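Using the hints provided, position chains X and Y relative to the given structure of chain S.
Chains as they are written, first to last, in the working numbering: chain S, 84 to 339; chain X, 7 to 246; chain Y, 1239 to 1549.
In short, the hints are calculated from the structure, not lab data. On a predicted model such as this, the values are computed, not experimentally measured, just so you know. It cannot be assumed that every hint is accurate.
Stretch-level coverage of chain S by chain X, calculated; a stretch enters the list once three of its residues show a Cβ under 8 Å from a Cβ in chain X [claimed, not checked]:
| id | region |
| --- | --- |
| 1 | 127-140 |
| 2 | 250-260 |
Chain Y is nowhere near these chain S residues, computed Cβ spacing over 10 Å in every case [what the hints assert, rightly or not]:
| id | residue |
| --- | --- |
| 3 | Tyr105 |
| 4 | Ala117 |
| 5 | Leu120 |
| 6 | Ser284 |
| 7 | Trp285 |
| 8 | Thr326 |
Glycine included, every Cβ here is placed at the ideal spot set by N, Cα and C.
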Amino acid sequence: MRVIAALGWNTFLEAIRDKILYLLLFFGIFLFAASRLLAPLALGEGRRISLDVGLASISLFGCLITIFVGHQLIFREIDQKTLYFVFSRPVRRVDFIWGKFLGLWGILAVAVFAMGLILCGVLAISGYSFGWPVIQAIGLVFLELTVLASLALLIASFTSPILAGLLTLSAYLIGHGSGDILQLMESLTTPALQSVLRAVSWIVPRLDLYGEMLPVLQDTGWTAVQYGWGIAYAVIYATAALTLAGVVLERRDFHL
Amino acid sequence: MRRAGSAGLALLLPLAVGFLLLGVAVPIADGLDASLGTATDDVELALFPKSGWIRPLTCGRAELAADYIWLRTIQYYGAHRKTDRQYPYVRSLLTTLTELDPHFINAYVFGSLVMTEDLGQPGDAIRFLEGGIEDNPESWWLPFEIGVTHYIHRRDHASAAPWLARAADMEGAPESTRRLAAYAAQKGGDEDVALYLWLEVFEQSEQDEVRRVAYSYLQKLGHPDFLDPNPYELEEVQDS
Amino acid sequence: MQFAIRLKQLEKTYSPGLLRRPVHALRGLDLDVRRDELYGIVGLNGAGKTTAFKIILGLLTPTNGGGEVLGAPLGDRLARARLGFLPELPAYYPHLDGGEVLRFARALSGVARDDQRDRQILESLGVGQAYSRRTRKLSKGQLQRVGLAQAIVHEPELLILDEPMSGLDPVARGLVKDMLREQRQAGRTVVLSTHVLTDIESLADRVGLIQDGALLREGSPRELLSGSAREVKIEGCGVSAETIARTLEGSVIAAGDGSWAVTLSGHAALEVDTAIRQILGVGGEILQIETIREDLESMFVRSVEGAKECA
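Next up, chain S with everything else stripped away, as it sits in the complex (with noise of 0.2 Å):
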């Protein structure tokens, strides 16, 4: 465990360090703007376009970091030969892996706090109401960005940088859009095809499940049975990522 901190302490401090956050100053400008300019153009639906708009960008802007953070974070160590350091150690693989997801889930930890303050502060300025759903609902975008590291991280063990950033935002894109391969898949009558994308339903994460926003919009919050299975999703589906990292990572020759 004392290795798995020490590495998620040093990419927590290198992603730090190299002004990703500052990323979350964009965020603050972009919202403020947004809420400000929009809402006396909504007649009366202020409040709904601030949250969405709000809930959408931590997820984008989270989605990001996981991207630019999560995509080098096992490249750039052989890239930089820092590998040598690491594993010339008693260091397993999948520590290794653990100790980077830790780091990522730090910096997205940190992010979304931050964003999540800068949403309920725009919204506390423009006098709109926010009780513990939009807490929530902050929560459910944290929910599904440790579910997008774990992948980016699984991605990143096996591919270079840039496809591994591809790849990610596709996770992310397709993600949102589980549902509708579901719905998809019903109406298709090819048994193959319904295959394939029953797989890929699989593989790829269920995201939209935490962009439910009628709970948040209502003012009536996901109720503890709800949030648990949401819960419950995101460490089993983050855990099999990891595990799966690992495998990878055990089998593969670094060529430093």
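Here is chains X and Y on its own, set in the frame of chain S:
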């Protein structure tokens, strides 16, 4: 000094050239835009895609697309309200919007208002609202609007009363909904329903003025518990 | 445990891709490093030294063959806890300072934090200032020494150092040599590869020459250099330098005071007796005979070129 001066010029000159070029580029772009001919709003809206095409492109953020369509719809309505007061595309826009986000209550309400007030089609408005109720059974506002549409635009008090009564029973409905339902029932000739509703108004209201009105209607309708003179009116007499 | 490293018929073949020939980085490398010795590995670029190190660390899997490191299979994780490695091009996280690198090294090695000791190690290597300076701001030589520090910070039993003298000025090289001698005296096994053969001559207990992925020659520096006198210098007088030049194969230098010096090399250096008889035969007097042994570098170059000729 000469060195500082030449260094300043070395900085200012490219800056000036850069801005000058930008100043030339902008009118070029404007001219090109004009020559290409931008589609009018109406042409663009006539070709506005259906929700089935938009949804896959939203990557799970259909409500964001609905928000965008909402803003476009408001602008479209506002622009035409100032000019020709013709809104041929408002229905299709709102239909697409509510298909993308079936829980956009305000869109149903706004749509029904436009259809009744501007397009003079209360029947379409009621069908639009009924569609909204299917996806939002817990919303009091939609049955309320149906009731109001029947009551005001169709003058069909008998049809209005049950919708208003339904809305009045739902969480969040203002107190006045029940009174409106009672009025509608009474005007529609359904005295039993009217009695029931006025009794509820009387029992639930905390305002004396409202209880006075309810008492008087209950008295007129002959409710056995309300045969005595209206105590609220008596109090007013005593006060005066 | 007699051996720190044992490599048996180690082979590594890379397949760069379709339509490209496979690269044989190691071709049956046999190499044994005894405990407590300082073993030098010498080889041209691409000889296979670094590939062998990577296999020992478990970064690469051998195509064939195998071996042991500290009694465990190659790449064994627990064995890695007992070894320290310095790569050829030391690279450490640019966002960390030297102290953080050593703390990180301790954490990954499962060793307790000891900031004071870390500082001492860096100071002993002449880079105390690197403790609180980001590694991206260090010079190559400073980075090299930070690299040495991270290799020894957890007091490993075995040190594997790839080009430890690279990028160091003479003073720093002296410090590093002192450090290596200390490690050796402390009972640690040290394996180092280098192109600076004079360093190996003075430090190593044994030297292995690697060429084309296999061990070419092995032995102590003395063993490798014995019987390899390749130049003999004879100083004399009594006859003119021109006479000597006509008599012998070799370069003759006239000293100006009637004496001369002739240097015999190659095959002629092996026929010293014949040369002496010839000099005496033309009336010369021999003042001094000096045998100039080749150094390890010359021996290395000769061995490699010889191996190429044989190939």
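- Query: Which hint numbers doesn't this structure obey?
  - Reply: Result: no hint breaks.
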